[in-house]
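Using the sequences provided together with the hints, build the complete structure.
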Amino acid sequence: MKKECEFFRDKLLDYSMDELDADIVEKVKAHLEICPDCWKIVDDYKKINSITVNVLKVDFSDDIWEMERKEIIRRVTQKIDLKKEIIRILKILFTVKRVLTAAVVTILLVTCITFGGIQYKKNQELNKEKIIIENIGLLENLEILERLDFYKKLGEKRTNL
Amino acid sequence: MSIRDDREIINDIKSGSIHAMDELIKKYQKRVYNTIYGLCMNYDVAWDVSQDVFVKVIKNIKSFKEQSSFWTYLYRIVINAFYDWTRKEKTKKRATTNFSDMTTDDSKRSYEVKDMINIEEDFDRKMLEEKVKKGLDDLTDIQRQVYILKNIEGMKIREIAELLKISEGTVKSHLSRAMEKLSVILKG
Numbered sequence: 041m042k043k044e045c046e047f048f049r050d051k052l053l054d055y056s057m058d059e060l061d062a063d064i065v066e067k068v069k070a071h072l073e074i075c076p077d078c079w080k081i082v083d084d085y086k087k088i089n090s091i092t093v094n095v096l097k098v099d100f101s102d103d104i105w106e107m108e109r110k111e112i113i114r115r116v117t118q119k120i121d122l123k124k125e126i127i128r129i130l131k132i133l134f135t136v137k138r139v140l141t142a143a144v145v146t147i148l149l150v151t152c153i154t155f156g157g158i159q160y161k162k163n164q165e166l167n168k169e170k171i172i173i174e175n176i177g178l179l180e181n182l183e184i185l186e187r188l189d190f191y192k193k194l195g196e197k198r199t200n201l
Numbered sequence: 002m003s004i005r006d007d008r009e010i011i012n013d014i015k016s017g018s019i020h021a022m023d024e025l026i027k028k029y030q031k032r033v034y035n036t037i038y039g040l041c042m043n044y045d046v047a048w049d050v051s052q053d054v055f056v057k058v059i060k061n062i063k064s065f066k067e068q069s070s071f072w073t074y075l076y077r078i079v080i081n082a083f084y085d086w087t088r089k090e091k092t093k094k095r096a097t098t099n100f101s102d103m104t105t106d107d108s109k110r111s112y113e114v115k116d117m118i119n120i121e122e123d124f125d126r127k128m129l130e131e132k133v134k135k136g137l138d139d140l141t142d143i144q145r146q147v148y149i150l151k152n153i154e155g156m157k158i159r160e161i162a163e164l165l166k167i168s169e170g171t172v173k174s175h176l177s178r179a180m181e182k183l184s185v186i187l188k189g
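Chains as they are written, first to last, in the working numbering: chain A, 41 to 201; chain B, 2 to 189.
These aren't lab readings, by the way, just hints derived from the structure by calculation.
One should not assume that every hint holds.
[Stated by the list, open to error] Below 20 Å or equal to it, Euclidean Cα-Cα: the simulated SDA-like pairs (lysine to any residue) are:
1. A:Lys-80 x B:Ser-184
2. A:Lys-97 x B:Met-128
3. A:Lys-124 x B:Lys-60
4. A:Lys-69 x A:Cys-45
5. A:Lys-51 x B:Arg-159
6. B:Lys-135 x A:Lys-110
7. B:Lys-182 x A:Asn-167
8. B:Lys-31 x B:Tyr-74
9. B:Lys-31 x A:Lys-124
10. A:Lys-42 x A:Val-68
11. A:Lys-97 x B:Trp-72
12. B:Lys-63 x A:Thr-117
13. B:Lys-127 x A:Asp-99
14. A:Lys-119 x B:Lys-15
15. A:Lys-119 x B:Asp-53
16. B:Lys-28 x B:Asn-12
17. A:Lys-123 x B:Ser-16
18. B:Lys-28 x A:Asp-103
19. A:Lys-87 x B:Ile-186
20. B:Lys-188 x A:Asp-83
21. A:Lys-110 x A:Ile-126
[What the hints assert, rightly or not] Pulled a few chain A residues facing chain B out of the computed Cβ check, cut under 10 Å:
22. Lys-97
23. Ile-120
24. Ile-132
By construction, the Cβ of each residue, glycine as well, lies at the ideal position given by its N, Cα and C atoms.
Here it is, written out as structure tokens:
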């Protein structure tokens with residue numbers, strides 16, 4: 041390789057890709073005019089790029105691109121509609137949930153109050169029964185005492201006779 | 002009709018304008034399709050993945066904060082969608098490693114995309130296409146991306162480095178290796 045070529049070789053790819061500063065471009069151009077080896081390298085780079093770009097750049101007719109856009113927009117609007125529908129259903133569910141919660145709380149309150157009332161009445165009746173039993177006991181005790189007193193007096197009368 | 006700024010179009014999409022959606026897709030659909038086609042060399046895959054990309058982009062348009070250009074934002078989504086798709090495909094068909102052999106779920110589409118293309122299916126072109134496919138299959142993912150961005154998108158090395166978040170030197174090195182590999186295959 042010529043000494044001059046060594047300087048230019050690592051710039052040839054940048055040159056073929058239009059990445060060099062204007063002043064260096066001029067120097068490369070001048071060198072390419074006198075160096076067939078470097079010119080061949082640049083030519084190969086350009087050919088490779090041209091082939092790959094030709095194969096890789098795909099274009100459809102305008103109506104095909106329009107068809108793609110319509111399909112994308114259809115999918116987007118479908119998703120937006122679905123989102124709106126979900127939000128609407130969720131709102132309904134939240135409203136229903138709120139109503140249901142209020143109903144459940146009311147039922148619970150009514151049940152608690154009813155059972156509380158029944159329990160309170162039961163307790164009161166039990167207390168009454170207890171008092172009655174206690175009173176009956178007292179009456180029985182009084183009767184026993186009266187009897188004992190009667191027998192005592194009877195005993196005293198017999199002794200006096 | 003004048004070409005509107007991306008920001009204006011995006012603001013209209015955020016407000017729910019269907020016309021703005023169409024405008025944005027029209028502006029970028031060829032770039033998106035060609036980028037994906039360059040990565041997989043399969044017309045059907047490029048068609049389906051590019052549709053998925055736009056559906057995702059429009060659905061999540063509010064997440065675009067305008068900190069970068071819209072193309073930078075879109076390109077990242079394109080790359081993520083493409084690799085998501087290849088991951089899914091590879092899981093489905095573990096034996097397949099070649100992108101160009103993969104197919105998409107045709108049940109969603111009642112037509113073959115390659116039937117709609119205006120190319121002359123002559124023998125020379127077929128051969129050339131096969132060679133380019135083989136050459137691109139031999140490139141690494143990043144080499145393929147860099148090569149496509151440079152040669153199909155016509156981006157500058159500085160812009161590619163910024164987009165892919167790598168140094169300009171690394172971009173140059175990938176380009177040079179890609180060119181070497183393609184050169185060997187196309188000359189062979």
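Would you mind confirming whether the straight-line C-alpha gap from B:Lys-31 to A:Lys-124 stays at or under 20 Å?
Violated, at roughly 31 Å.
With the threshold set at 20 Å, check whether the alpha-carbon distance from A:Lys-69 to A:Cys-45 stays at or below it.
Status holds; Cα separation ~12 Å.
Would the hint linking B:Lys-182 and A:Asn-167 be met if the CA-CA limit is 20 Å?
Violated. B:Lys-182 to A:Asn-167 sits at ~103 Å, over the 20 Å cutoff.
Taking only the CA atoms, is the gap from B:Lys-63 to A:Thr-117 under or equal to 20 Å?
Given that 20 Å is the threshold and the Cα spacing comes to 16 Å, the pair holds.
With the threshold set at 20 Å, check whether the alpha-carbon distance from B:Lys-31 to B:Tyr-74 stays at or below it.
Holds, at roughly 16 Å.
Pair hint A:Lys-119 and B:Lys-15, alpha-carbon separation not exceeding 20 Å
holds, 15 Å
With the threshold set at 20 Å, check whether the alpha-carbon distance from B:Lys-188 to A:Asp-83 stays at or below it.
Within the cut-off at roughly 13 Å; holds.
When you check the alpha-carbon spacing of A:Lys-97 and B:Trp-72, does it fall within 20 Å?
It holds: about 18 Å lies between the C-alpha atoms, which stays within 20 Å.
Straight-line Cα separation of A:Lys-110 and A:Ile-126 no greater than 20 Å?
violated, 24 Å
Pair hint B:Lys-28 and B:Asn-12, alpha-carbon separation not exceeding 20 Å
Holds - the C-alpha atoms of B:Asn-12 and B:Lys-28 are around 15 Å apart, at most 20 Å.
Taking 20 Å as the top limit, are the C-alpha atoms of B:Lys-135 and A:Lys-110 close enough?
violated, 34 Å
Decide if the proposed pair is consistent with the structure: A:Lys-87 and B:Ile-186, CA atoms, cutoff 20 Å inclusive.
holds, 13 Å
Hint violations for this structure: numbers 6, 7, 9, 21 and 24, all remaining hints satisfied.
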